[in-house]
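Student: Okay, here's what each chain looks like letter by letter:
Number of protein chains: 4
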Amino acid sequence: MKVGFIGLGAMGSAMASNLLKAGHEVTVWNRSPAATEPLASLGAKVAKSADRAVLGDVVFSMLANDQAVRDVFLTDGLLDAMDKGMVHVNHATISVALAREIAAEHAQRGLEYVAAPVFGRPDAAAAGRLNILAAGKPAVVARVHPLLEAMGSRVWPLGNAPERANVVKIAGNFMICAAIESMAEASALARAHGVGAADFLEVMTGSLFAAPAYQGYAKLIAEQRYSPAGFALPLGYKDIGLALSAADATRVPLPLAGLLRDNLLEALSSGVEDVDWAILAQVAARRAHLDERGL
Amino acid sequence: MKVGFIGLGAMGSAMASNLLKAGHEVTVWNRSPAATEPLASLGAKVAKSADRAVLGDVVFSMLANDQAVRDVFLTDGLLDAMDKGMVHVNHATISVALAREIAAEHAQRGLEYVAAPVFGRPDAAAAGRLNILAAGKPAVVARVHPLLEAMGSRVWPLGNAPERANVVKIAGNFMICAAIESMAEASALARAHGVGAADFLEVMTGSLFAAPAYQGYAKLIAEQRYSPAGFALPLGYKDIGLALSAADATRVPLPLAGLLRDNLLEALSSGVEDVDWAILAQVAARRAHLDERGL
Amino acid sequence: MKVGFIGLGAMGSAMASNLLKAGHEVTVWNRSPAATEPLASLGAKVAKSADRAVLGDVVFSMLANDQAVRDVFLTDGLLDAMDKGMVHVNHATISVALAREIAAEHAQRGLEYVAAPVFGRPDAAAAGRLNILAAGKPAVVARVHPLLEAMGSRVWPLGNAPERANVVKIAGNFMICAAIESMAEASALARAHGVGAADFLEVMTGSLFAAPAYQGYAKLIAEQRYSPAGFALPLGYKDIGLALSAADATRVPLPLAGLLRDNLLEALSSGVEDVDWAILAQVAARRAHLDERGL
Amino acid sequence: MKVGFIGLGAMGSAMASNLLKAGHEVTVWNRSPAATEPLASLGAKVAKSADRAVLGDVVFSMLANDQAVRDVFLTDGLLDAMDKGMVHVNHATISVALAREIAAEHAQRGLEYVAAPVFGRPDAAAAGRLNILAAGKPAVVARVHPLLEAMGSRVWPLGNAPERANVVKIAGNFMICAAIESMAEASALARAHGVGAADFLEVMTGSLFAAPAYQGYAKLIAEQRYSPAGFALPLGYKDIGLALSAADATRVPLPLAGLLRDNLLEALSSGVEDVDWAILAQVAARRAHLDERGL
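Residue numbers (the working numbering), protein chains in the order written: chain A, 1302 to 1596; chain B, 1302 to 1596; chain C, 1302 to 1596; chain D, 1302 to 1596.
To be clear, the hints were calculated from the coordinates, so they are not data collected in a lab. There could be a bad hint or two in this list.
To be verified - Under the rule of at most 27 Å between Cα atoms (straight-line distance), these lysine-lysine pairs were calculated in the DSS-like manner: (1) C/K1385 with C/K1346; (2) D/K1539 with B/K1539; (3) D/K1349 with D/K1385; (4) D/K1303 with D/K1349; (5) A/K1539 with C/K1385; (6) D/K1349 with D/K1322.
Model the full structure from these sequences, guided by the hints.
Tutor: Have a look at this one:
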């Protein structure tokens, strides 16, 4: 199929390359053009401007946050450049509020819209093993399903209203962050009692917590290796902010999310940015002064 | 082998029955004798008094908490009734402080001691699929290893000092409770945005959180079925208290554990006791008044 | 002096009436005209439109929140209607971000700007006993000082940059809310041990906490009388949000503010709005199920 | 009157000296005898052993914690040395549990017991300006009232059951700690926005928070002067522990107390002990990396 792909960060590049490998004709665009080169070498057409990437049947986008989605599709007018009936599959992790707004903007223009945020880090994207959440009109989701399957190991249908996929993504990222924090604090406790974090986490992730969300981060915590970032601290902080905003909008107290917000903020206030959000383990250890105490 | 088994609650009974099935000669004792009957029918010898159950090579015990362990082994003098060189395998989830104290009491009497707390609920115990943490002298742990394998799918060696196994157990239970709380809050958020808890948790436990610690509790939360208790609220509250005590002893701030303590306490203050600690999901929903709001 | 007054809620009306009593010529405007009547009967001139209220030397405004300030002064263009050199004294509790933005908008138009948020509830405003924070050019603050003294018992100069007054106001309201929460939890604890909230709070506010911020709220908590609102729950929730936003902007973890946010949200989610934020005491009591337990 | 005084730390010494100044005949005892010297020079009789200090009409005690009270009065048998009908006025801040137990021990021996914990730091004790909480039989409280008035500016009667005074003391100390934390976080926020802690706290403690509990600690926070300790960090940590224990006993969630516990623990884990618990302000500033950022 002839498709466009907007946004070629680590995630977007990996996803677009899987579309290429599956035999689709992919036209890519990225604000900073350097990112298009590796995809060009895999056979992608490179669009000179964003509107040249929205000429096929479907356009995928993987942008960083609300602001980027708003800039490209609304402010810069990309939606206006799309042909009626064209499908836009939006992979970004965006707020529930923007999810609703942008769905309405598509509807007004006779465009089809699928919210399809993903779970998985760049290595999972490269391997085509993403978990893809998909919400939108069933017929439209069905149409793009084969394309999604080229990028993910599983597609989770989440109903008609696009924002449903975004809520699940936001709530899910909150759960991941909670998992990191629980490993962070539990490992600090274990260390203080003479059990190394690596030993402790090996038991946990080999038994009750033998799940992807734990195993990857446990490795980073055990090795105290927070850089380069798999999932960068500022993005994690943004995502907890999305959970708190969604909670605010529907008046749902989330004490655990509030706690995570503060701990991420403590890490951020030190000035580091290009670190993984697993740095929460360093925050927990620092609070207990474990290094100073030789524990 | 000829062994004793002290403490026949849901967990102990299941574990003792697996020792019987593995062909060992098991003498059982329980403070309330009714619990011995099913085991007798499986071939166990029933001891009239606790000291008659500590006559073989090894005695296992699975008691409810610090108080019960202290009562049986120290106050009532069971340690004094044991022959020098005998091995005591203590499966209870006890405090780090008691773990140290009771190890010393064994050493003083020339008794061997293995701390062997377990991960797994009664159904896992019945199926012989427990994860067993084991700390103590390597030679002694090796001696009881075949017996432990009759009860668990995996034995995790944790070094010489017995309390190391208890710390891992305590920190692990804290992680389980954190997992429940994160599902509780995230599900409340999803519900408030129109995504049912069952739908939401199906995605999460089918993807990133495809691990035993999540799947069992997710089912309870999705079905709002907290009774009968798989792991009872008061026990969970006790275990978070053990984590906070261990943190106090080594001066490790655990903000997440403090939050869990309060939420468990909120559930307890309503007067319910025989409910699973997954009732944390009800606390989160009640705080958001989801039922009153028809969400 | 000839002055204008924009915004005649409970606070603004009381403040404007004190300007009248001090002999100033006051022209008032309020979006909903009914609120102007009592002031007209005290001698105020009533402006038909907002721009007719900004014709004197100084205009005061007391609007509810960022949105109202933005609507009136920026979107509806009131700043453009003001004469160069005129002074605007903004009493609203607004975000630090808007404080900076609106100060710049004044400067661009050659208008003088004083940020002057106040501490005190409507009864203090009526009695002219407000504490008024004032930040802006010293000469300009000096010019309006006699007017401020007509409304407050004390004016606190806070330097040149207007947002400094807003930060102090936001941080101060956070402290008030923390004071309420500490009375709420401490009273719940006292009640559970048989000491009535009234008895307990009488001791505390008669000794260590003999301060206005405590005495007023203690009365509400002791009498469980949360309506009518002296300071309404949604405003309090907004103000804690301002503290968290200011903390976000400068990366300052505020765990206590996060806790307050959740507890206010719990109160709000029940659907009540026209209650005092001292309702935090009801939240604390409900969590402990004190009423159900007859405590 | 002829009275005894047990326990001559900073508080006890100041209190005993006021009894002397009021003309009473005071026999003092302290575990470490050096502390008796200044009082001897004021005219106190020095008892060689504790039982020699309990020979008059009333004995006062001001010991550090549960353990010290238990050791002196129960384990070392001082209660058994007291004459039937003698009154013991216990000023220590002890747990509700011990408060109940020790009241019963007095009753069994025909001794009178008044729980009389105090609010006030050593300087207030020296000046006779303590707030004294008093619970016990009204006739007995009346008998010791003139003596209490020699030590405090106000005596607060709290009813018959002695533990009532202890609950109020524990809940009150929790409120003080919450006040410190709120100043700590609010000051960090103000600093991050360019308003010095001293300027900010001057406004707050000169207006809404013009109360002893704030003014003393505000001074320490503004000057970042945490040593010597007016109220030492480990004692503060102990007292928050007493609040959490009392909450545990009656199942009252206290999220704010949990937060304080963790922050005090963070301060303690750094190894400092002889600092005031106002050091919470340093914890808040460190979390935000204010010094590193030059804020």
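Student: Each hint: holds or not?
Tutor: Tested hints:
1. C/K1385 with C/K1346: Holds, at about 23 Å.
2. D/K1539 with B/K1539: Satisfied, since the Cα-Cα distance of roughly 20 Å is no more than 27 Å.
3. D/K1349 with D/K1385: holds, 22 Å
4. D/K1303 with D/K1349: holds, 17 Å
5. A/K1539 with C/K1385: violated, 42 Å
6. D/K1349 with D/K1322: holds, 22 Å
Of the numbered hints given earlier, the model fails hint 5 alone.
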